[in-house]
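Trainee: Chain by chain, the residues run as shown.
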Amino acid sequence: MGIITTSKSGRPVLWTSLVAVLLTGAIVAMYLAPTEQTMGDVQRVMYVHIAVAWLALLGFVAMAACGLAYLLSRNLWWDQWSMATCEIGWLCSTLTLVTGSLWAHAAWGTWWTWDPRLVSSFILWAFYSGNLILRSGLDDGPQRARLSAVLVIIGVADVPLVVMATRWFRGIHPVSPAMEPSMRYVLLASMVGLTAIMTLLLVRRRTQLQHESLVMQLQMQADEN
Amino acid sequence: MASKLWWLIHKDLVIEYRVRQAWPAMLLLGIIVAVVFNLQMDLLPEQRPAAAGALLWLAILFAGLVAIERTGAAEQQDGCWDGLVLFPLPSSLIYVAKLAVNFIALLALECVLVPLFVVLADIPLLRHAWAMLLVAVLGSLGMAAVGTLVSAMTHGLRQRGAILSLLVLPLLLPVVLAGAEASRLVAVGDVGTQWWRWVQFLGAFAIVFTTLGIVLFGFLVEE
Amino acid sequence: MTNQKSAIQAQRLSKRIGDRRVLREIDLEIAEGECVALTGSNGTGKTTLLRCLSAIARPTSGKVYWFGRPAAADPAQRRLIGMVSHESRLYAHLTLRENLVFAARLFSVADPGERAEQLLKQIGLVSLADRQVGQISRGMGQRLALARALIHDPPILLLDEPFSGLDRSSRDWLARLLHERREQGRTLCFSTHDEQQTGQIADRTLTLSGGFLTGHPVVADQSMEENRHRHAA
Chain V
1 MGIITTSKSG
11 RPVLWTSLVA
21 VLLTGAIVAM
31 YLAPTEQTMG
41 DVQRVMYVHI
51 AVAWLALLGF
61 VAMAACGLAY
71 LLSRNLWWDQ
81 WSMATCEIGW
91 LCSTLTLVTG
101 SLWAHAAWGT
111 WWTWDPRLVS
121 SFILWAFYSG
131 NLILRSGLDD
141 GPQRARLSAV
151 LVIIGVADVP
161 LVVMATRWFR
171 GIHPVSPAME
181 PSMRYVLLAS
191 MVGLTAIMTL
201 LLVRRRTQLQ
211 HESLVMQLQM
221 QADEN
Chain L
226 MASKLWWLIH
236 KDLVIEYRVR
246 QAWPAMLLLG
256 IIVAVVFNLQ
266 MDLLPEQRPA
276 AAGALLWLAI
286 LFAGLVAIER
296 TGAAEQQDGC
306 WDGLVLFPLP
316 SSLIYVAKLA
326 VNFIALLALE
336 CVLVPLFVVL
346 ADIPLLRHAW
356 AMLLVAVLGS
366 LGMAAVGTLV
376 SAMTHGLRQR
386 GAILSLLVLP
396 LLLPVVLAGA
406 EASRLVAVGD
416 VGTQWWRWVQ
426 FLGAFAIVFT
436 TLGIVLFGFL
446 VEE
Chain X
449 MTNQKSAIQA
459 QRLSKRIGDR
469 RVLREIDLEI
479 AEGECVALTG
489 SNGTGKTTLL
499 RCLSAIARPT
509 SGKVYWFGRP
519 AAADPAQRRL
529 IGMVSHESRL
539 YAHLTLRENL
549 VFAARLFSVA
559 DPGERAEQLL
569 KQIGLVSLAD
579 RQVGQISRGM
589 GQRLALARAL
599 IHDPPILLLD
609 EPFSGLDRSS
619 RDWLARLLHE
629 RREQGRTLCF
639 STHDEQQTGQ
649 IADRTLTLSG
659 GFLTGHPVVA
669 DQSMEENRHR
679 HAA
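Protein chains in written order, with my numbering: chain V, 1 to 225; chain L, 226 to 448; chain X, 449 to 681.
The hints are simulated quantities; they were obtained by calculation from the structure and are not laboratory data. If you're wondering where the values come from, they're calculated on a predicted model, not measured in any experiment. All residues carry an ideal CB built from backbone N, CA and C; glycine is no exception.
Between beta-carbon pairs, the in silico distance windows are:
id : chain 1 : residue 1 : chain 2 : residue 2 : range
1  : V       : S101      : L       : L230      : 46 to 52 angstroms
2  : L       : E447      : X       : A558      : 29 to 35 angstroms
3  : X       : E628      : V       : Q210      : 50 to 56 angstroms
4  : L       : V244      : X       : Q570      : 28 to 34 angstroms
5  : V       : W54       : L       : V260      : 40 to 46 angstroms
6  : L       : V244      : X       : A577      : 17 to 23 angstroms
7  : L       : V260      : V       : L58       : 41 to 47 angstroms
8  : L       : F287      : V       : P160      : 24 to 30 angstroms
Take the sequences, apply the hints, and build the full model.
Mentor: Structural data, given as structure tokens:
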């Protein structure tokens, strides 16, 4: 919560309080939601799981769009967005795997299994991680932006093929779970809350990256003068 | 343009023939992986096609990566890569040439590994030789398309080999799955609609990534 | 000279590598038939500038023109440029002749075999033509690299430190060769950290330091004028 409360100027406070309200609402809703009959409280992890899984996928598409925008415009501004999206996306992707695994252990009696969606989520996580590692091997600047952009574009083209290939093998993942209406509202609340906080993190991280690059440039100028 | 493409490919093949920088390592790794995998296969006859299909394509993937990595590294010595860029050629032509060299290497690898799996795993992959050939050709094309692109991406990177495999393995999962299933179907003699669907999938994969490579390679060549 | 058309022109050329700004808004013009020397101590970006001028590297901002047209907008334009760098760009496991023939073919030279033979004679390495490049000395390799850059007889020749590592006789040979090309009206630009070489061969010497060019980077009076206005504004 530290990140949310540290803003100094007026406008960010407004945003952070809005996010805080949404997130608190989502958490409260998760407590109030009816307990699932067969699985009990473990089922509540679904509210987080579905939300972060959706964000991880959305983040990947957004990252590829930023990469494409960079290649077309050659403006490093897009690369900062791409980088921030990658980090937040990686976080969501990791959370997807962890929460999914917790749920699978309770529901299927196993932490991990061969299932189309599980494999696809894992591959998504591998793409996020691969991009982070590729970036860490390159110096800041246009080259890193360019290579990373190409990688995420081929990655986003690969995702549907991964999903298709794995789905043609049989799967056990619940495709559209039956839910009570109240459960659907809680899910909606949690998705809104988590999307809000991840967006906030994203924007803040992007600003941070921008400042980093600015500091670097000023430092260079100071060194030269 | 076609003749220039040929001279680009010819040059790499001549060098490979003289120095044997990629193929022996690739073939040896492929054979070792094939043998080690098959050591563990104490399976019932009806389980064998599924297991062997998957292992065959994993062996092709791991050994193929070695070849792709090495052909890419060779071009970087003595600034030869800059030399290629200075030629009056569209960068997509350089991509297609490198893709072709990697594709030929993968086909050579499969010529060794497929018969080896027939012997070691005792599965009749060659009973429908044409069906197996089609799967091998399309699968190799997809692998070469992705491998060549990512190999150019990791040019001049610290720990190039490690990063290359790290990026390529997840990208090629669809090829491995499709290749494994298609090979299993060939082995059980069921080369019908299901097999054809996987073949179409491999074809689509190859087309998508060859096209992306042709479009995006220019971004990787520039400095 | 002011009436001649420009062979190479750079406008506000900047190049960033990692977080270093190696070149900063460089304006440069080299007229057709001119020979320009580029000096500056090591690590000042001479190589980077030549790589940008030859369109191997893409500028972070700014433009390069060859004979008034954007550089390498069309791959066929690359025929205008020959470049020698500190790396030979030769395949160590192909023979001398094979290296030249390969390059000739990709540059669409009319008779690749004949052209290779001709250049091998010119650099005095005919007797070693069928030896692999990995087995010849560094000095010979440098000669061959030069021959490779000249294979398509480019109107513009860029050379990165061509004199370094050469013995006395090779230096004289290279100086003669550059002189010859100048006589033929070809454009030359070479970098060097040896001030002595520049005066004998070059029409003009430019110095690169801190990412800026000093000397007289822009020839034509008109563009000098423009430049002054722009900086005043």
